[in-house]
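Make a model of the complete structure from these sequences and hints.
Quick note, the sequences are listed as chains C and H, same order.
Sequential numbering from 268 applies to the first sequence in the numbering used here.
Sequential numbering from 268 applies to the second sequence in the numbering used here.
Relax, there's no trap hidden among the hints.
For identical chains, the list gives no copy identity; a pair is met inside one copy or between any two copies.
Restricting the straight-line Cα-Cα distance to at most 30 Å, the calculated cross-link-like pairs of lysine-lysine (DSS-like) are: (1) LYS596 - LYS464; (2) LYS432 - LYS602; (3) LYS649 - LYS312; (4) LYS550 - LYS290; (5) LYS464 - LYS604; (6) LYS607 - LYS290; (7) LYS550 - LYS464; (8) LYS598 - LYS575; (9) LYS290 - LYS487; (10) LYS399 - LYS596; (11) LYS614 - LYS571; (12) LYS604 - LYS432; (13) LYS464 - LYS649; (14) LYS435 - LYS607; (15) LYS604 - LYS435.
It is worth saying that the hints were derived from the structure and are not from the lab.
All values reported here derive from a predicted model rather than from experimental measurement.
Protein chains: 2
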Amino acid sequence: MRILVLGGDGYIGWPTSLYLSQKGHTILIVDSLVRRYFDLELGTKSLLPIIPTKKRIHRWQKISGKKIDFRFGDITDYSFINHVIKDFSPECIIHFGEQRSAPYSMIDRNHAVYTQVNNITGTLNILYAIRKNTPDAHLVKLGTLGEYGTPNIDIEEGFLEVTHKGRKDLLPYPKQPNSFYHLSKVHDSHNIMFACKVWDIAATDLHQGVVYGAETEETKLDPLLATRFDYDHIFGTVLNRFCVEAVLGMPLTIYGEGGQTRGFLDIRDTIACIEIALNTPAKKGEYRVFNQFTEQFSVLQLAKLVQKVGHKLNLDVKIQHIINPRIEKEKHYYKAKNTKLISLGLKPHYLSDTLLTSLMNIVKTNIKHVDKNTISPKILWK
Amino acid sequence: MRILVLGGDGYIGWPTSLYLSQKGHTILIVDSLVRRYFDLELGTKSLLPIIPTKKRIHRWQKISGKKIDFRFGDITDYSFINHVIKDFSPECIIHFGEQRSAPYSMIDRNHAVYTQVNNITGTLNILYAIRKNTPDAHLVKLGTLGEYGTPNIDIEEGFLEVTHKGRKDLLPYPKQPNSFYHLSKVHDSHNIMFACKVWDIAATDLHQGVVYGAETEETKLDPLLATRFDYDHIFGTVLNRFCVEAVLGMPLTIYGEGGQTRGFLDIRDTIACIEIALNTPAKKGEYRVFNQFTEQFSVLQLAKLVQKVGHKLNLDVKIQHIINPRIEKEKHYYKAKNTKLISLGLKPHYLSDTLLTSLMNIVKTNIKHVDKNTISPKILWK
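Here's what the structure looks like:
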């Protein structure tokens, strides 16, 4: 299959590209490298060193014998992405090409507006370019489970059957996102749903949970194929951050009570989910949502898991509650459905002591790269 | 009250400003005049001639003895609007300052992206400027009833009580907008709801129906105080268009079956609703939605009303069904609630033969200004 990977240089985009290349697909990566640029802006850095894009692609070719193509450019530039899609004529477009950090979007007005304008414009451009050049292409869009927020009822997959005053309808699930970033994904979802209806586009919107893990079969083949490992307060996700804190001998910092519950998944499962979406595509005109996560944890549960494994590794791991920089419920009902991907064959890698041990060992090996000053939260919602 | 009217030069913004000025409020209009610029772009024109902004303000001062201030500028320019809000320190901000045409947003990619980026950025800027300068100011935002689409259940005012698998919650009403313009309003609503929650902003989101009518008590005082009357296929609304077609002896053109049902209201009621919102403001941190319309009509019903009144005026009015340029249901359930504004004291001007007669007489008087070529729809959704 000819697959265009937008944002194919990023944390998930890169290992997804390697995996699909390994499987024999023709891969074209498009990336503006703005994620690397954010590191320059913020003074942050991946714990695992990542090499320049062209070099890692070259390395992949040496190791696997497979070629991945790369076009540098920004999907908010329509003339660029329109030409790329016209020339490459993808059968599937996997869209990771967005600003993906909630704290980044909350830095200030500039970052909020940037996040929304960037994400919305990029996605609208993709929809218009599909309509014009490849109306049969399948759009696989990375959304977020955070679009739903934390309602007091079960979270369904994209749609909710409502009975109201004796009448029934299947309606888009109400969204209550909690940052300007999460809002941008909700805006995208509404835009894509509309485009599917009016232009017969086929789209799968993956409402993804928090991804953890540092390695896949492909990235493990060579240190130069590593993907990013972010642990800072802006782009780092909670489990990575806990592992770094544990290895450094710092207390695991929980924002507030720690009852905040979310869906999580292993990066290898993310890639498996994307492959499932590719292989059983949405129909033309169909907008479908898969909730993409394998397990639910509260932040406190995760901290305790890291603490337990830390103790086995002879680390003295403490847990500390700090003031929550975000405005969010710290104790709430949370039950999200995730049966669609499972029923299509997903075999989850559940979070195990083995994985946590391997994560902490990766941190240990790279401990000299850690910048302690980038860990504690400095961006306030209020 | 110090009231900032964003988009105060427009169809509704102008008569709202006059009315509130007449009532003794201190009015500052901010407008980029982009609506007048769209006319240059599209070759369209208000049927009632409108004079330059500074002149109509001057005229108002002559006639009423009241002063309205005006600042030319674009709210997507944060440094501009931030200074305006800081200097004027409004107690209330009425936000009409958005691109408001569905067909305009569907012209092509440029117009879709412009509409969404313009509307979202402007609204985000207002929210940040309120947060920084006037955290107690009441934001009165013009949304649209079109945010809801046409669900098969009753439309409530902003929120829906859902019982699901034995649990209950009050959730944002699911939105199914039908153009990139309507989508931009949904995006705004989500952004404003979030800002109210995290920054304690007070906001009223008026989900307004289709407005008709050409005159208010204030605009009638002098022909130079007239507000716009749009009848073209891009900015004209259906009732205005029918009146123009009737007077010209053209058939009333119904898009498709004509079962499309929407909420409608008289422009005088729009202004009354805004005054109600001003006088009973949202509380700090509250995001509330009022459905702002007084009656529901299908397009076919409206056509028949115009036909009936046309016959009384000795006009030979025919009805013609043409291919629908939009993708929308042409026959559907529609029942929207509008009790909040009524319970706060709104006394509706229902659509009457008298009003239709007066509209058609306005058209007659200005018949020489009509450009027939701008009436039939040329912008296709598909």
